[in-house]
Amino acid sequence: MSDGFFGFGALPADLAAKIVADEVGLEYGIHGDFRLRCAMQPIFRHEQGRLTPVTADAHVVPYLQGQPVPMLEFLAEVAAEDRAIVGRMIEVLPLANVHNIGVEGVSLLFRHNGSGGSEAMDDLRFMVRVLEDEGFDVSQLVCEIDGVDERLADALRELGLRVALAHRGVEQPDAHAACRVNADIVRLDRVSFERFCADAATGRLLRPVVSEFKAQGAAVLVEGIDSESRLEIALGAGVELFQGDLLEPAMLVGSVFADGPREASQYRRGECVVVPLFG
Numbered sequence: 001m002s003d004g005f006f007g008f009g010a011l012p013a014d015l016a017a018k019i020v021a022d023e024v025g026l027e028y029g030i031h032g033d034f035r036l037r038c039a040m041q042p043i044f045r046h047e048q049g050r051l052t053p054v055t056a057d058a059h060v061v062p063y064l065q066g067q068p069v070p071m072l073e074f075l076a077e078v079a080a081e082d083r084a085i086v087g088r089m090i091e092v093l094p095l096a097n098v099h100n101i102g103v104e105g106v107s108l109l110f111r112h113n114g115s116g117g118s119e120a121m122d123d124l125r126f127m128v129r130v131l132e133d134e135g136f137d138v139s140q141l142v143c144e145i146d147g148v149d150e151r152l153a154d155a156l157r158e159l160g161l162r163v164a165l166a167h168r169g170v171e172q173p174d175a176h177a178a179c180r181v182n183a184d185i186v187r188l189d190r191v192s193f194e195r196f197c198a199d200a201a202t203g204r205l206l207r208p209v210v211s212e213f214k215a216q217g218a219a220v221l222v223e224g225i226d227s228e229s230r231l232e233i234a235l236g237a238g239v240e241l242f243q244g245d246l247l248e249p250a251m252l253v254g255s256v257f258a259d260g261p262r263e264a265s266q267y268r269r270g271e272c273v274v275v276p277l278f279g
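Residue numbers (our numbering): 1 to 279.
Incorrect hints may have been included.
Unchecked claim - Listed below are the simulated SDA-like cross-link pairs for lysine to any residue, each with C-alpha atoms no more than 25 Å apart in a straight line:
hint, residue 1, residue 2
1, K214, E194
2, K18, G102
3, K18, A79
4, K214, A153
5, K214, E232
6, K214, G135
7, K214, G160
8, K214, G169
9, K214, A201
10, K18, E104
Said to hold, decoys possible - Derived DEER-like restraints, expressed as beta-carbon distance ranges:
hint, residue 1, residue 2, range
11, R125, G147, 13 to 23 Å
12, A80, R204, 18 to 28 Å
13, Q48, A80, 44 to 54 Å
14, G117, L205, 38 to 48 Å
15, G49, R190, 21 to 31 Å
16, D189, G117, 18 to 28 Å
17, V170, P70, 14 to 24 Å
18, E228, G160, 30 to 40 Å
19, V103, A80, 34 to 44 Å
In short, the hints are calculated from the structure, not lab data. Built from N, CA and C at the ideal position, the CB exists for glycine as well.
Based on the provided sequences and hints, a complete structural model is requested.
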């Protein structure tokens, strides 16, 4: 089970043997020959020409024999009877690593997608209670949900969490959906954002989308900021939150991210070259 000195400590009982801490307290999951490790990528807020890391986007990366494996490939190896417990591991790991973000004062964005079954919400309540007992401000947790689930959004808010709504794919983003769940953040995924990146004329169509979400009280997060042109499109549209390898690639939890604000202009000169960890 997790080491009380170097790990998260308390975990849901049936996960305690499947999530362990290494020698420096980084929590990881075990499923057969796979090791499930938590990676994080900073999300930056743009204000007055500066980009400041304000949130860490946490996701789980399966490893086999020390090499990262695509999540879908890993899940294909999971037996039907193990899918719920594996889904619960994937949801709990970011919370178990909340103290290992590596940047002070930033929020943690994690996902709740229901793959862990009905017990996943029990896990979340457990983890939130432990974090509160440790003095952690749970309003720093942002839970991303798929689809308009008003009951789930209400349950998350009752726990003190903020809510992010994921928009995936090529369909037109729906501001009314954000309103129904009272989303604090709406994430446009890479595929959704790419629709606006074909050319300058298409890029201008993003501004009214962003404005509509802002009118509903939601900040817009754009992922896939991998080039200067994409950064320019997002800045021109008034996007508030940015994520992508141009700014900072994803790294395994425990890696040190540069904190503090940085000038947006430093990414707009053709001089920034990064090599993403996970492709």
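Ascending list of hint numbers which this structure does not respect: 6, 10, 12
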